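Colleague: Chain order of the listed sequences is A and B. This note's numbering numbers the first residue of the first sequence as 1 and each following residue consecutively. This note's numbering numbers the first residue of the second sequence as 1001 and each following residue consecutively.
A portion of the hints provided could be inaccurate.
[Said to hold, decoys possible] Below are the SDA-like pairs computed for lysine to any residue, each with C-alpha atoms no more than 25 angstroms apart in a straight line:
#1 A:Lys-24 <-> B:Leu-1258
#2 A:Lys-24 <-> B:Ser-1158
#3 A:Lys-24 <-> B:Ala-1255
#4 A:Lys-24 <-> B:Arg-1260
#5 A:Lys-24 <-> B:Asp-1161
#6 A:Lys-24 <-> B:Asp-1250
#7 A:Lys-24 <-> B:Val-1263
#8 A:Lys-24 <-> B:Phe-1261
#9 A:Lys-24 <-> A:Arg-218
#10 A:Lys-24 <-> B:Arg-1259
#11 A:Lys-24 <-> B:Arg-1257
#12 A:Lys-24 <-> B:Pro-1264
These aren't lab readings, by the way, just hints derived from the structure by calculation. If you're wondering where the values come from, they're calculated on a predicted model, not measured in any experiment.
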Amino acid sequence: MAVSQIPTNGGVNPTFQLQDVTVKHNGRAVLEHITVDIPRGGVTAVVGPSGAGKSTMLRILNRFEDPSQGRVTFAGAPMSSHDPALLRRRVGLLSQRPVALAECVADDLRVGAADLSDSDVTQLLSRVDLAELSLGQGTAGLSGGELQRLALARALAVEPSVLLLDEPTSALDSEAAGAVDQVARDLVDQGGTVVVVSHDLDRVRRIASHVVVLRRGRLVEHGSPQELGYSDVDKGNVDG
Amino acid sequence: MDDVVAVPAAEIPTWWGVVASFALVALAALVSWRVRLGLTRELVWVALRALVQLVAVGLLLGLVFEFGGLATAFGWLAIMVAIGGQVAGRRARGLPGAVRVATIAVAFGAVATMGILLLLGIIDATPMVVIPVGGMVISWTMVATGVALRRVRDSVGSSRDRIEARLALGLNPTQAYEQQRRDAVRTALLPAIDSTKVVGLIALPGAMTGLILAGVEPLAAIRYQIVVMYMLLAGPALAAATATWMAERDLFDSAQRLRRFSVPAGSS
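My request is simple: use the sequences and hints to build the entire structure.
Modeller: The structure is reproduced here in structure tokens:
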């Protein structure tokens, strides 16, 4: 197994480079000939209609999927040269369907970070606007929105330098969604990178420093929100 | 096992008795027909098939006991392991590498258990002992392996999101699949644990029953049964643990991703 070349958190600002990337599922192209850089630092929003390949793009970035063709690099080195588990500790993923991994809140946050103290747990819960939850509270009764934020706190517990968010505010009210946006901004302030898949154009305008527009698996365009303008983002037929 | 006390043996059913006992199958078939279970033909078929299989095995065993040595006995067990691996593997159809994993697990459970029994001199190293005792071990390890792998298939299939969420936190496949693995081994061992718990209370177990019917004094028969009982705990435990451990290698790829697999229709 390849040993990761990446130093521990904070050593290198990560960058993803996708070069002529094609991903096929059962012979059907989900992403086709994508060439794009995800810049260091900042928030990159991946937008586009359903079936555009947005989630697949995120799954490439933490190596849950490999391209059928093309090349992906992280921190200048090919994905295959990184140890997968170490890579995923550096590149956290909040999936579209968050699940509880333990019976109580504190144990859930400790799944990936066993040595988390009680005060660390409390702090993490506050960061995702879940301060009202007690450490021993059961996860079974949590609402979809609470579960989504708990999963975000669990991802943050591992202290990733890149955070991949797949539709992170789909089950949240505006206040809770604001807390998630704040988490993204805080991570960027600390030198981290956030890649977020979103249908919410207002949100993209608020937090994104770079936008990648996909449609039917192809790259429509990419650049800063200012460069693209709202009308350009609309070219992707983004819902909402 | 050389100082057993014989008591008068029970009358062994004649071939006429065996034919007469087919009335019981007819009774079951009658129930199936009356209640419209749709199992009448299958009941008769499996009863006849079992009769043919057992007669064939009885004849073969007679030949092996008469002319075959220990090597023949182990060859017999090897065939049982191969068949057991096929049966257990098919229980988990759809799981990557199921038949291969099941065959190796059944073999390991059987070899380890029989090895200990033979090396410690607990049982005689003769075909007349090795084949029936080995058959019991293989039969139980086969069932436990099949249950464990089926449970792995079903629980991994339904917990894909949870396993991927653990992998996404940087856990390795062993850690990400630990809960499903533990659950599968527990489920596979429950029958052996339950039957050990109530041994003698609900039913007289097979080995003991056979010895008593053959005229062996009950306390001597019990000694044999205790050994059998313990080996039927060890064999399935070793096999289920091996099967679920090996399954991990087929469930995850080299990039520590959970492979996609589909369960064939009708086997869920």
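Colleague: So, for every hint listed, does it hold in this structure?
Modeller: Going down the list of hints, with the structure as the test:
no.: 1; hint: A:Lys-24 <-> B:Leu-1258; result: holds, 17 angstroms
no.: 2; hint: A:Lys-24 <-> B:Ser-1158; result: holds, 24 angstroms
no.: 3; hint: A:Lys-24 <-> B:Ala-1255; result: holds, 18 angstroms
no.: 4; hint: A:Lys-24 <-> B:Arg-1260; result: holds, 14 angstroms
no.: 5; hint: A:Lys-24 <-> B:Asp-1161; result: holds, 21 angstroms
no.: 6; hint: A:Lys-24 <-> B:Asp-1250; result: holds, 22 angstroms
no.: 7; hint: A:Lys-24 <-> B:Val-1263; result: holds, 22 angstroms
no.: 8; hint: A:Lys-24 <-> B:Phe-1261; result: holds, 17 angstroms
no.: 9; hint: A:Lys-24 <-> A:Arg-218; result: holds, 13 angstroms
no.: 10; hint: A:Lys-24 <-> B:Arg-1259; result: holds, 15 angstroms
no.: 11; hint: A:Lys-24 <-> B:Arg-1257; result: holds, 17 angstroms
no.: 12; hint: A:Lys-24 <-> B:Pro-1264; result: holds, 23 angstroms
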